[in-house]
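Asker: Going down the list, the sequences are from chains A and B. So the first sequence is residues 0 to 365, counted in numbering that gives the first Met the number 0. So the second sequence is residues 0 to 195, counted in numbering that gives the first Met the number 0.
Hint data in this document are derived by calculation from the structure and do not stem from the laboratory. Be aware that one or more of the hints could be misleading.
Unchecked claim - To give an idea of the interface, some chain A residues facing chain B are shown, with a C-beta separation under 7 Å as derived from the structure:
no.: 1; residue: Thr9
no.: 2; residue: Ala12
no.: 3; residue: Thr14
no.: 4; residue: Leu19
no.: 5; residue: Ile23
no.: 6; residue: Val28
no.: 7; residue: Gly32
no.: 8; residue: Pro86
no.: 9; residue: Val87
Backbone N, C-alpha and C fix where the C-beta goes; we use that ideal spot for every residue, glycine too.
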Amino acid sequence: MNTIVITTVTVTAFTGLLALLLTIADRTVANYGEKKLIINEDKEYIVDGGNTLLATLINEKIFIPSACGGKGTCGYCKVKVVEGGGPVLPTELPWLTKDELEESIRLSCQCKIKEDMKIEIPEELFNVREYEVRVESIEDMTPVIKKLRLRFKEGEEINFKPGQYIQLKAPKYEGNDEEVYRAYSIASPPSEKSYIDLIIGYVPNGIATTYVHKHLKVGDTVHINGPYGDFYYRDKYDNEMILVAVGTGMAPILSILYHMRDENIKRKARFYFGARTPEDLFLLDELRELEETLYDFKFIPTLSRALDEHNWTGERGRVNVLLDKHIKDPKDKEAYLCGSPAMIDTVVALLKEKGILEEDILYDKF
Amino acid sequence: MIELNPLVIFFAAIFTNNMIFSYFLGMCSFIAVSNEIPTSFGLGQAVTFVLTFTTILNYFIYHNILVPLNLEYLRFIVFIISIAAFVQLLEMIIERYFPNLYYALGIFLPLITVNCAILGVSLFMVIRQYTFLQSVGFAIGSGLGWTLAIVAMAGARKRIRNNKLLKGLEGPGITLIITGLMALAFVGFSGIVQIQ
Numbered sequence: 000m001n002t003i004v005i006t007t008v009t010v011t012a013f014t015g016l017l018a019l020l021l022t023i024a025d026r027t028v029a030n031y032g033e034k035k036l037i038i039n040e041d042k043e044y045i046v047d048g049g050n051t052l053l054a055t056l057i058n059e060k061i062f063i064p065s066a067c068g069g070k071g072t073c074g075y076c077k078v079k080v081v082e083g084g085g086p087v088l089p090t091e092l093p094w095l096t097k098d099e100l101e102e103s104i105r106l107s108c109q110c111k112i113k114e115d116m117k118i119e120i121p122e123e124l125f126n127v128r129e130y131e132v133r134v135e136s137i138e139d140m141t142p143v144i145k146k147l148r149l150r151f152k153e154g155e156e157i158n159f160k161p162g163q164y165i166q167l168k169a170p171k172y173e174g175n176d177e178e179v180y181r182a183y184s185i186a187s188p189p190s191e192k193s194y195i196d197l198i199i200g201y202v203p204n205g206i207a208t209t210y211v212h213k214h215l216k217v218g219d220t221v222h223i224n225g226p227y228g229d230f231y232y233r234d235k236y237d238n239e240m241i242l243v244a245v246g247t248g249m250a251p252i253l254s255i256l257y258h259m260r261d262e263n264i265k266r267k268a269r270f271y272f273g274a275r276t277p278e279d280l281f282l283l284d285e286l287r288e289l290e291e292t293l294y295d296f297k298f299i300p301t302l303s304r305a306l307d308e309h310n311w312t313g314e315r316g317r318v319n320v321l322l323d324k325h326i327k328d329p330k331d332k333e334a335y336l337c338g339s340p341a342m343i344d345t346v347v348a349l350l351k352e353k354g355i356l357e358e359d360i361l362y363d364k365f
Numbered sequence: 000m001i002e003l004n005p006l007v008i009f010f011a012a013i014f015t016n017n018m019i020f021s022y023f024l025g026m027c028s029f030i031a032v033s034n035e036i037p038t039s040f041g042l043g044q045a046v047t048f049v050l051t052f053t054t055i056l057n058y059f060i061y062h063n064i065l066v067p068l069n070l071e072y073l074r075f076i077v078f079i080i081s082i083a084a085f086v087q088l089l090e091m092i093i094e095r096y097f098p099n100l101y102y103a104l105g106i107f108l109p110l111i112t113v114n115c116a117i118l119g120v121s122l123f124m125v126i127r128q129y130t131f132l133q134s135v136g137f138a139i140g141s142g143l144g145w146t147l148a149i150v151a152m153a154g155a156r157k158r159i160r161n162n163k164l165l166k167g168l169e170g171p172g173i174t175l176i177i178t179g180l181m182a183l184a185f186v187g188f189s190g191i192v193q194i195q
């Protein structure tokens, strides 16, 4: 009995003493006082020093894309630190290219605020927020593609540019013991601010896609943050738009098309969409309807593996073959591409060869 | 127990009684961080640094607090707490006052709190009844031995990076097997010096 009491008292006293010591150290040694954080030259925040830049920005409700939650393992949370970042840490080096190092890009989850700091972040990130949304509907588009409608809470809304994406959090579930964020393009019109649609394909063993396809039910609550991305509709031209997508890459293109419909934009647009078989085509009614309502829009699907029994009368072959055939004159054309890296690389090379300027080719690889 | 020269203990701790290859202590960070040679070396330095200081600290805690109070049996929990607190404190101090040192070691410190080699050295020190100088020699030697082991492993892993492996063996699997093979080599050193 005596031993138990002595043990408890000693350990408590010892732990308490060390805790006290650490608290004092935290208040004195690790207290860097208030620091000035200037973002994009014009916004000034007074923040507590000593924390990481990422954590501090989140505190100020500015969300930098980050998939790993500040562990330094995803390399997404890059920001430009103009002044006051200290030396680049070894934990950041694997994620930064030579060019980025020269431009003083840092990983905000590793870089701590120890002095007044000046940083630059894309203006759009001020719009980024975290949302808790409800799954309103899940529709099968094809056997491996689902369309999700996520409804925002009463009074909440999202402002995004057509073509941008959000990050969806896949929680832990049976067979998956880590939370991950995955990026999905928004497929719904920007004018609808109270919900978003996502088009999500099933990837075998994909953590987030398995969650969406096998576990998610209507009525569930999910967490998203966004919007992100510099792939969005540019309204500086009124020239012809070449839209190219394969598979779920249709999502951001749809959002762009809805935007053109809602804003009554009178531009010529051609949407080249690649799939394997007729079963892989989806939302055909929507697209036919857009052909009717938009000023000058045509949806041109092409199938790479159409068999005789499919009775396919449309275009055949891969999407780059189709583009090669259709694009004659490169003048005044702007291209928006979304799909797999392999498709994007081939198509970008083809379009450049055709004479379309690099700055007029926008793409979103996934 | 014969009086051993601290230098003998120092060398023994590096080669014949290596923390990794003889006792398999500190394996978690050994496996997780042995991907790149520079990173491994940084972690090794940090382990050596922390080992030396915690062993000295625990030596005084044990001999000046626990022994007089007849509380030797509490050494496990007390050592764990003192190491954890010390590493935290150390991190705060070097982050604030020694930016260059923080740059080199600081980021590894949180990883070390849970490194069992650190606790192992403090406990061996007690079990083997080392004197103060012997403890210091043992601590520095163990740290260098650990560094040697992790840098060697990082070198080996660099070589096999592009080789095809069975899926189940990738990463930690093959690392454990290599550790085993290296340990066999280190068994060759055993018996040269007796340090306990």
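Asker: Work down the list of hints and note, for each, if the structure agrees.
Answerer: Verification of the hints:
Because the beta carbon of Thr9(A) sits about 6 Å from the nearest beta carbon in chain B, less than 7 Å, this interface hint is met. This hint is violated: Ala12(A) has a C-beta 11 Å from the nearest C-beta of chain B, more than the 7 Å allowed. Annotation: Thr14(A) was flagged as interfacial toward chain B, and the flag holds, the nearest CB pair being 6 Å apart, inside 7 Å. For Leu19(A), the interface hint is violated, since its Cβ never comes within 7 Å of a Cβ in chain B; the closest pair sits about 10 Å apart.
For Ile23(A), the interface hint is violated, the least distance from its beta-carbon to any beta-carbon of chain B being 10 Å, above 7 Å. Interface restraint check for Val28(A): the shortest CB-CB distance to chain B comes to about 5 Å, inside 7 Å, so the restraint holds. Interface hint at Gly32(A): violated, since its Cβ lies 12 Å from the closest Cβ of chain B, which is beyond the 7 Å cut-off. Interface hint status for Pro86(A): upheld, as the beta-carbon distance to the closest one in chain B is roughly 6 Å, under 7 Å.
Taking 7 Å as the C-beta cut-off, the interface hint given for Val87(A) is violated, the closest approach to chain B being about 9 Å.
Hint violations for this structure: numbers 2, 4, 5, 7 and 9, all remaining hints satisfied.
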